[in-house]
Amino acid sequence: MIPEPNFGWTSTVGEVILGATRAEGGTRSRSYRIGGGTTLPFMEKGITSPSPLIAFEICDDSRFWSPIINEFCGDLIHDPGAWAKTAETTYGADLVRLCLTSTRQRDFSDIPTLGKTVETVLASTTLPLILEGSNEPKIDSEVFLKCGETGQGERLLLGTAEAGRYRSIAAAALAYNHSIIAQSPIDINLAKQLNILLTEIGVQKDHIVIDPYTGALGYGFEYSYSAMERIRFSALKGDADLAMPMICAPSDSLTIKEVREADTGVRNAIAVEWEFATSLAAAVAGAEIVCVRHPDTVKRLKAAFTGLKTRSGM
Amino acid sequence: MRTVTFLPGYNKIVAPRGTTILDAAQRAGINMNVVCGGQGKCGKCVVYVQSGKTKFDREKFGRFFTEEELKQGACLACETTIQGDLSVIIPESTLIQEQKILVNGIDTAIEFHPSVKKYYVELQSPTLADPSPDLSRLLWGIQKGGGPIAEKMYAPLEVMREIPALLRHSDWKVTGTIALVPGGYRLIDLQENDTSQRLYGAAVDLGSTTVVAYLWDLITGKVAAVASNYNRQISCGEDILARVNYAQKNGIEKLQALAVDSINAALTTAANSARIDREDIYEVVVAGNTVMTHMLLGIDPAYIIKEPYVPVVQRALSVAAARIGLTCNKNCGLFAFPAVSDFIGGDIIADILACGMSEKEEISLLVDIGTNFEVVLGNKEWMFSCAGAAGPALEGGEVLFGMRANPGAIEKITIDPVTLAPAFSTISGIKPRGITGSGLIDILAELLSAGVIDRTGRINMEIKNPRIRAGAHFPEYVIAWARETDIRKDIVITENDIKNLIMSKASIHAACVTLMKEAGVSRLDIATIYFAGAFGNYINKKNATIIGLIPEIDLERIKNIGNGAVAGANLALINRRKRKLLDGIAGQIAYIELNAEPSFMDEYTSSVFLPHTDLSLFPRVQALLESIREKKEAP
Amino acid sequence: MALKALDIYKLLPKKNCKECGDPTCLTFAMKLAAGKADIDICPYLDENAKSVLGATTRPPIKLVKLGVGERSFAVGDEFVLYRHDKTFYHPPGIMFKVLDTQSEEEIMAITARVRDETLTRVGADLKFNGTAIVNTSGTADAYAKAVASVEKTAGLPEVLVSDNPAALAAALVLCGSYHPLICAATQENYKQMCALAKQYGCRLVVRAPALDALAQLTKDCVAEGVKNLLIDPAPQTLGDFITRSTAIRQLAITRAVPDLGYPVYLDATAFDDEDAAIALGIVKYSSVIVTSPLSPASAKAVLTLRQNIYTDPQKPIQMNPGLYRVGTPGKDAPVLMTVNFSLTYFTLQGYLESSRVPCFMLIVDTEGLSVLTSVAAGKLNETLIRDAIRKFGVENEVTHRKLIIPGYSAPLSGRIEEATGWKVLVGPRDAAEIGEYLHQEWKP
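Chains as they are written, first to last, in my numbering: chain A, 1 to 314; chain B, 1001 to 1635; chain C, 2001 to 2444.
Among the hints, erroneous ones may be present.
As the list claims (entries may be wrong) - Below are the BS3-like pairs computed for lysine-lysine, each with C-alpha atoms no more than 25 angstroms apart in a straight line:
1. K1380/B - K2018/C
2. K1517/B - K2004/C
3. K1360/B - K2379/C
4. K1489/B - K1412/B
5. K2014/C - K1580/B
6. K2014/C - K1517/B
7. K2379/C - K1517/B
8. K2127/C - K257/A
9. K2004/C - K2031/C
10. K1517/B - K1152/B
11. K2391/C - K1517/B
12. K2391/C - K1249/B
13. K1631/B - K205/A
14. K1380/B - K2127/C
15. K2036/C - K237/A
16. K2036/C - K1306/B
To be verified - Pair ranges (Cβ atoms, derived):
17. T2254/C - T12/A: 37 to 47 angstroms
18. S312/A - G2225/C: 53 to 63 angstroms
19. R2401/C - T12/A: 51 to 61 angstroms
20. E2395/C - T12/A: 56 to 66 angstroms
21. S1599/B - R2401/C: 31 to 41 angstroms
22. P1008/B - E149/A: 54 to 64 angstroms
23. A2270/C - A1623/B: 49 to 59 angstroms
24. K2010/C - P1008/B: 37 to 47 angstroms
25. P2043/C - T1220/B: 31 to 41 angstroms
26. N1465/B - S141/A: 12 to 22 angstroms
27. E149/A - N1465/B: 43 to 53 angstroms
28. Y1230/B - T2254/C: 56 to 66 angstroms
Treat the hints as calculated values from the structure; they're not laboratory data.
Glycine residues also receive a C-beta, built at the ideal position from the N, C-alpha and C atoms.
Using the sequences plus the hints, can you model the full thing?
This is the structure we're talking about:
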């Protein structure tokens, strides 16, 4: 008889809850418990463990968004509410990730409008929400507090904390009971360091999602892939400071040369292919949430994840 | 015999009752300020006798001290004799250089076996009945006088030519100098009459920045004098690379001459201060890094710094000192330490010899820190070594208010965790001018403990305290307000300084871990960590551990050997048997190229954190930081 | 697990005899640990030590070579489950499928595409590896004709996919001596397949959906005299593939089931989303992947993914040092110095392009180390930068003498100024901020 492969795992990935239903104090149609893996992704014995979640990314200022998506999604890009709704009903996403790109404008200060946008999106979709906040350290505190307050009770996932910028976002998350994306530049040690910094100022481990930073295919993915594998490996080997679920956003895929400079005829196909291959490999390496921007990528990932969860029974 | 313990280094030395503290200190290798040459005139050699019985004339020398100081046991080392077992504090201001150059380091008694000896003999003049040749007569005489067996000695032609006239002119009363060289016992000098009490040797640390020379009386086995000065090659380039490039362009001659000049200058200063004729220096032992040793000997060092980094010579060398231009006795020998590689040179071999790690069963870790750092891990059976650039941050460079260990440099500091007010001491006790390496290590540890910086070294700007402010370019912490300083400027440490320091300490820690992984050794297997190098002696071991400069082990198992290069050279000079170990040590060390080690980058990144990303490697530091945090949050 | 140098040292005679060419047993042990020396060089090794050391240095997965000539390739000979433990050595061959029912023109066109299509990325030419000729017709004549068409077009490695021994025999007459891969031997036909493989010295795929059957089958084929095997666990779903392929790899490298120590074969055409199957095959241990001819978009993504996964994650790809242009920089354009770590280069280049400030990038040789590490390791220093400025003639390209250096190399700024005579401006630590930095700070 062939023995079962023994990987020597001693521990499991921690869990984080995203979104809150009415019963849980929010307004979402569902909530997710992510993490909890006991072995390498898709290697679980039973096939009851959930597939990775697919988050569809939208923004509130399309000037800072890929022209490929702007073209593909048409008028939706000017209406975050409708866009979010379409992501849920038509594209089939599991999560919506709202990127507040309007904060990238010079001297941005219109915090009240941000609050309204978040309200609108929350009202338009029943999916749990990931909120990607300020791009400018000076307004971090205001932006995150506004986001946190607006989404109170919804168990948002707030992004993004970095080693040099984590206090404001942590304060907002702690005040309104949200979770945090902790992003570090493709390095297991830096990921761990940020988790330690966050827990030292009071953020609970079950409120942290690791973003090891996903370099696009050909532009750093060779490192991202192993960084993710190592993080998952460390979690399963019992390193509590790395035992958090991971989020992966191959957003760079749409800006790399191969996509940017492709002929118009194949540009769309290359964009999808790049997002798809990167996200799929990232999920296999351990990402519990993959974020994409092209609607076509959502469908293909869904099918692939279903295939990965299916065993022919031999 | 009495035992004297010198603090703060805990250097112990055994000395006969009645010896002066100065003598004992010099024998222990401690380099004290003795401007007047030990005549009780200058009042510089101030020490504090903490316990034990001494003899010191307070009436006569009281003028050098305040009442308060006398109460604390202040006395002049040159005028105080040892009566019982003593514990003596040597204040930093008593150490010789303005720039503190370390000289002590060996805490074990040194056996005395010099390789050069002098024999005074009174020979019978030849007769018809005893017509044996002059040389045989002389050598027989030396053998009878306690020297080596006559047949095993030989005389070089230069000396042979002098024999007949000299013997007859001196009425057959001569002093022969016999050196044990690789070829056997060599008669290196012959002098008229009895000069047998005049025999000196020098041990030299030829560093790329400084040259330190110890002059030893090879009859009594005592240090006669110590001197140091800057390496004059600095005029050809600040660092080694620049000097090798200079040599490639302009030839090696000038650099060779400057290296020799630097040593000659140090020898002259030392000899003059002890009133020694340089003609009586019969042996010079030099420990220097690989490039310095090559340059001193006039060997082209160009290939050391180019791939595949090959030195011309690795083994220990014995040559005539006069051939390279050292101004000593014309027959003086020069012994140069062997090297392992481009980065692990004779200075490191000397460190190893000084700490004795290559003779022990237990595993030691040696860390030598300068602008470059070298790390050696091992025991009598095996040794791994590596080297890298630490950057000058730990020497005070690349830090806004960093400075070398000169007067006015803050060298120790504590920070009140509640008020964030610092308390510090400076070298020579004057108003602060800047911060030196040991002070920087303290600051890092204290700021971390006080919660002013997080583990990545970023200053928490949410803290409301006037000492924490945005700064011109980076957030900063004010250590001393302008009015408290000697430079009329606020002395600060910036977030950028802290980053540079963390990068430096991370390189060193990562190098330690890389060797430990190569050997499959954990921090718990390390019996002793030896700190060597310029500021090793002043380092606060606890703070060095808190910031993760070195692996966490019991503090009492961390030892400072200070300038290990000169300590090793001293050992090799006064105990020739130690030299036999050197080629063995050099041959035993495996060198690991950090750049070729794929895991180094990983270790480095995980070390760029205070104390380290893997907190389980620093359990005590972690417990300490937690307890400080709890105490802070308690009220 | 590989042995540490010191563990190996303990098994060595510790004579320091130097007969191996190394100065000490310890340095020899370090070479052994790094796989840079052979244990047989040591004349004084005892049998016990030899067997211990030999067992840990033999590859747990067999090395199999496919094809002949310039485009032949080897697979297998892997040591790890996670590429960060060492690296993956032999990238999978990707074979385009042709059918013997296709026209000669179609077959030749596909083959020519495999022969010619090249994607050049970070200094490497990426290509597909060969063809998989499928005996869809079921007849020997058609099959031999298809193989002849392929052979006529290019001398590429081939997979011969057929369960008809007669068809295979007809094909092997044409290409049998070029080390093709026969696909596939099963429990039912392995004797016939082995006979063919043995006759022509071919490589052979063995197929069974269960691992114990696979292990038995490899043993049987070896007994028949065929050793160059690949194994196909016949997945029907992506889930089947990832679980079986991972199990095979794990059991092989831990030497728990040596009979599974062969490279894995994947037929991606069996899946709805072939791209998904290929991507999984690349990341999860496949050595030969058969696919339909890929669309241009898929082709680029697949070749790039394969290059990424088979890059040593500890050894970054290096850029050639030199002076690179972003846009068309003039004489007063900024000069930005950085290291030749490809990720640093491409990241910076991307942000520079989007900043729309034409400029020069001076790439210096830090042997692929990042800024942070090369500063720490002393690789990045003023001499290197000075020499690069000279070597690449930067002084002729611009009239100013200002050099922007990465934020993490700030400690070197003074020394660079001294060595080069250029004024040094310290740029941001994060490449993302370079656009803003240039807009705000740059004045020639």
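Structure-based check of all given hints:
1. K1380/B - K2018/C: holds (19 angstroms)
2. K1517/B - K2004/C: holds (8 angstroms)
3. K1360/B - K2379/C: violated (35 angstroms)
4. K1489/B - K1412/B: holds (20 angstroms)
5. K2014/C - K1580/B: Status holds; Cα separation ~20 angstroms.
6. K2014/C - K1517/B: holds (21 angstroms)
7. K2379/C - K1517/B: Roughly 23 angstroms separates the two Cα atoms, so the pair holds.
8. K2127/C - K257/A: holds (20 angstroms)
9. K2004/C - K2031/C: Judged against 25 angstroms, a Cα distance of about 10 angstroms means the pair holds.
10. K1517/B - K1152/B: violated (49 angstroms)
11. K2391/C - K1517/B: Not OK: K2391/C and K1517/B at ~39 angstroms, beyond 25 angstroms, violated.
12. K2391/C - K1249/B: holds (18 angstroms)
13. K1631/B - K205/A: holds (23 angstroms)
14. K1380/B - K2127/C: violated (54 angstroms)
15. K2036/C - K237/A: With a Cα-Cα distance of about 31 angstroms, the restraint between K2036/C and K237/A is violated, given a limit of 25 angstroms.
16. K2036/C - K1306/B: holds (22 angstroms)
17. T2254/C - T12/A: 37 to 47 angstroms: violated (22 angstroms)
18. S312/A - G2225/C: 53 to 63 angstroms: At roughly 33 angstroms between Cβ atoms, G2225/C and S312/A fall outside 53 to 63 angstroms, so the hint is violated.
19. R2401/C - T12/A: 51 to 61 angstroms: Check passed, 58 angstroms falls within 51 to 61 angstroms.
20. E2395/C - T12/A: 56 to 66 angstroms: The hinted range 56 to 66 angstroms holds for E2395/C and T12/A, with Cβ atoms some 60 angstroms apart.
21. S1599/B - R2401/C: 31 to 41 angstroms: At 40 angstroms between Cβs, range holds.
22. P1008/B - E149/A: 54 to 64 angstroms: Since P1008/B and E149/A have Cβ atoms about 57 angstroms apart, the given range 54 to 64 angstroms holds.
23. A2270/C - A1623/B: 49 to 59 angstroms: holds (58 angstroms)
24. K2010/C - P1008/B: 37 to 47 angstroms: holds (41 angstroms)
25. P2043/C - T1220/B: 31 to 41 angstroms: violated (52 angstroms)
26. N1465/B - S141/A: 12 to 22 angstroms: Holds, at about 19 angstroms.
27. E149/A - N1465/B: 43 to 53 angstroms: The hint (43 to 53 angstroms, Cβ to Cβ) is violated, given that E149/A and N1465/B are roughly 29 angstroms apart.
28. Y1230/B - T2254/C: 56 to 66 angstroms: holds (60 angstroms)
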